[in-house]
Amino acid sequence: MSERGAIRVAVAGKGGAGKSTVAGTLARVLARRGHRVLALDSDTLPGLALSLGATAPTEPPLLAAAQKGEDGHWRLRKGIGPMRAIERYSVLAPDGVRLLQVGKHTDDGLKPVMGAVNAFYKVIHRLGEPAGLDRWAIVGDLPAGPRQLAYDWAPYADRLLLVVEPTWQSMLTARRIARIAGTPRQVAMSLVVNKASGQDGVARVEAFLGMPALAVVPADDAVAQAERGGAAPIDAAPGSAAVLAIERLADALQAGSLTA
Amino acid sequence: MSPEQLLGELEGDGQVVVGDLEAGIGTVLRLKPGMADAVVIVAQPTAKSIDIAARAARIAATREVEILVVANRVRDDADLAAIRAELGAHEIFVVPDDPAILRADQDGLAPIDVDAGSPGVAAIAALAERLAG
Amino acid sequence: MKIVVAGKGGVGKTTVAGTLARALARDGHRVLALDADANPMLGISLGVGPEETDALVSVRQGLDDGVTEHEPTLEGFVDRFGTDAPDGVRLVVASRIDKFDPG
Chain Y
497 MSERGAIRVA VAGKGGAGKS TVAGTLARVL ARRGHRVLAL DSDTLPGLAL SLGATAPTEP
557 PLLAAAQKGE DGHWRLRKGI GPMRAIERYS VLAPDGVRLL QVGKHTDDGL KPVMGAVNAF
617 YKVIHRLGEP AGLDRWAIVG DLPAGPRQLA YDWAPYADRL LLVVEPTWQS MLTARRIARI
677 AGTPRQVAMS LVVNKASGQD GVARVEAFLG MPALAVVPAD DAVAQAERGG AAPIDAAPGS
737 AAVLAIERLA DALQAGSLTA
Chain E
12 MSPEQLLGEL EGDGQVVVGD LEAGIGTVLR LKPGMADAVV IVAQPTAKSI DIAARAARIA
72 ATREVEILVV ANRVRDDADL AAIRAELGAH EIFVVPDDPA ILRADQDGLA PIDVDAGSPG
132 VAAIAALAER LAG
Chain U
23 MKIVVAGKGG VGKTTVAGTL ARALARDGHR VLALDADANP MLGISLGVGP EETDALVSVR
83 QGLDDGVTEH EPTLEGFVDR FGTDAPDGVR LVVASRIDKF DPG
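Taken in sequence, the protein lines are chains Y, E and U.
Under our numbering, think of the first position of the first sequence as 497, with each following residue one higher.
Under our numbering, think of the first position of the second sequence as 12, with each following residue one higher.
Under our numbering, think of the first position of the third sequence as 23, with each following residue one higher.
Just chain Y, with the same shape it has in the complex (with noise of 0.2 Å):
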């Protein structure tokens, strides 16, 4: 966690996991509970946003904050750095979340919105800088699958939470984001298990992976029906036991937090 004890954790896991959903969630969760909030978004494709309740513009904000220089590489604009580039090009999610998003991949690829992939990278990675984030929670959704990991792209976090479904595939993908995740740096791992149906699948996630479940998130009708519609647990559910396990999650988090 930051310097003052404030909670800064990642999101990993399976596509189709239920990543951006815990993450978009919790995000929520900590501002109602009066955190300042940053949720990052590195998924070139649309999640975060949508379990979030935000609204997100069709061009990433963050392509204004980006120039490419005479030696071809993207930097930030002069007078740019990460508090100024939160203040401007963040987007406002409900319960003042702030959502800071890379760009997203269009019909013709990543070119178009390679500055705003590029400002994000620079962002994330000097969030340590300012004093006037020190208090701020950090909420970060990773891309599906193992990779990103591998080139530094949760740079904030202490914690990474691996969201596992009960599924073979699931669990894999855990343990090889376990794997690379050990190294270079070594970083906190807790894990979710997510879309859970019975005591017995729990178990088995928790003996497969060699670690105790953090929070357990049931599979949620509710929550389901959310996501098809398009809207935040939170706001579709907010009584749901998935959305419930969502705020113990938040609390053993804060719990954490507090011994550190």
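Since no wrong hints were added, every one of them can be taken at face value.
Straight line, CA to CA, 30 Å or less: simulated DSSO-like cross-link-like pairs of lysine-lysine:
1. E/Lys43 with Y/Lys607
2. Y/Lys607 with Y/Lys618
3. Y/Lys574 with Y/Lys618
4. Y/Lys607 with Y/Lys564
5. E/Lys43 with Y/Lys600
6. Y/Lys574 with Y/Lys564
Everything labelled a hint here was simulated from the structure, so no lab data went into it.
None of the values given here were measured: they were computed from a predicted structure.
Starting from the structure of chain Y, add chains E and U where the hints point.
Just chains E and U now, kept in the frame of chain Y:
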């Protein structure tokens, strides 16, 4: 050599190559003539996956390939309608929410080995027949 | 015939690809299943088994390890690094799996 280039180098005559490439739209973006004869786009009845599937279909349409859609984990008419709304111009194979497939995922087995006759597996078998006869 | 399966991660792309490959094989076709996902899982849906799937060597890893000089043709290379799945399906993993030495 990218996976798509590798696919392009493989022989398509006398065998069927089924390529499971990167998730997302990057794959269809990198498709060049000769790399694939058909693209099977899979969507679930969620806003996120339908958005990406529709985008993939739009891009694939410019690549001179056959396009087929699999509507996966469909529970009811509303689910199918949501997918049809964006992808209805293409032939859609409906794979219902299938306990055999769910069990296969939990147990690490091939769905066709859990129950070759289950509705979901049967739908995919029909897709196989449609593609290669 | 060459078929590509596409879609958002988690929608069932790999399950469909694997089941499709097995069904095509049962229809009498000679089938090559190509897993080029950065997170290769196709073996599971093909019926190869989870731990066996995890242990499969990637063709591209083989390229990195410098074994090309023994296999001049692509087909030979695929043949060498392929694995047998049920119903005679041949599986080739061709992703770039990031190798990190844990030791």
